[in-house]
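Asks: Residue-level listing of the chains:
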Amino acid sequence: NAGVMQNPRHLVRRRGQEARLRCSPMKGHSHVYWYRQLPEEGLKFMVYLQKENIIDESGMPKERFSAEFPKEGPSILRIQQVVRGDSAAYFCASSPEVNSPLHFGNGTRLTVT
Amino acid sequence: QKEVEQDPGPLSVPEGAIVSLNCTYSNSAFQYFMWYRQYSRKGPELLMYTYSSGNKEDGRFTAQVDKSSKYISLFIRDSQPSDSATYLCAMSDETSGSRLTFGEGTQLTVNP
Chain A
1 NAGVMQNPRH
11 LVRRRGQEAR
21 LRCSPMKGHS
31 HVYWYRQLPE
41 EGLKFMVYLQ
51 KENIIDESGM
61 PKERFSAEFP
71 KEGPSILRIQ
81 QVVRGDSAAY
91 FCASSPEVNS
101 PLHFGNGTRL
111 TVT
Chain B
1 QKEVEQDPGP
11 LSVPEGAIVS
21 LNCTYSNSAF
31 QYFMWYRQYS
41 RKGPELLMYT
51 YSSGNKEDGR
61 FTAQVDKSSK
71 YISLFIRDSQ
81 PSDSATYLCA
91 MSDETSGSRL
101 TFGEGTQLTV
111 NP
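Those protein sequence lines, which keep their order, are chains A and B.
Residues in the first sequence are numbered from 1 upward in steps of one, following our numbering.
Residues in the second sequence are numbered from 1 upward in steps of one, following our numbering.
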């Protein structure tokens, strides 16, 4: 998992604050995916991005959540005005091309107090 | 009905046992099948990847896919305490790219 780097590993936010989660994909990977894992639940797809483009955001909540993958720098998952229900582990994954296996980072654990 | 069903366990076996983990799915469009292992507080780690029916072996691990029954399995031979983890099946279709649909995961404990 060392190839996909996520930071921070743990993030604590109070209700109403913003959370910014960062992901640097493996070297040579241009496809980035964000997943959310709630306690006792499986991983749920949120969004799929390539450099500068959102390809599929069908799993993203319509409000407060946004994602980007700029030409330079890491992919960012942004959650505005966080609520307690946003508390979860957020995982980023990357792949070199479409329909190739995903490689995951170790996640960011968001706690909203 | 969930697209992918996986018994969450927990499953507890003695060291050296053969472990069988299973998933069923309802979407006949799924073409790519994966098994991931997830240790506590870590990200999922890819174990096996296959896109055809039949068996694929890698060391102590064998992945089996039966598309006609919409059923996949992972077998672990000579299980070790270090295999204790949550095992997640995942799958995708041609149109979803690498967007995966996961099972809930099966929690496995191998007792020394």
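Worth flagging that the hints you see were computed from the coordinates, not collected in a lab.
Treat the hints with caution; some may be incorrect.
Stated by the list, open to error - Capping the alpha-carbon separation at 30 Å, the derived lysine-lysine pairs in DSS-like fashion look like this:
1. K51/A / K62/A
2. K42/B / K44/A
3. K2/B / K62/A
Asks: Each of the hints needs a verdict: does it hold here or not?
Replies: Hint-by-hint comparison with the structure:
Using a Cα cut-off of 30 Å, the hinted pair K51/A and K62/A holds, with the two alpha carbons roughly 22 Å apart. A C-alpha spacing of about 16 Å is found between K42/B and K44/A, which places the hinted pair at or below 30 Å, so the restraint holds. Proposed proximity of K2/B and K62/A is supported: the alpha carbons are some 22 Å apart, at most 30 Å.
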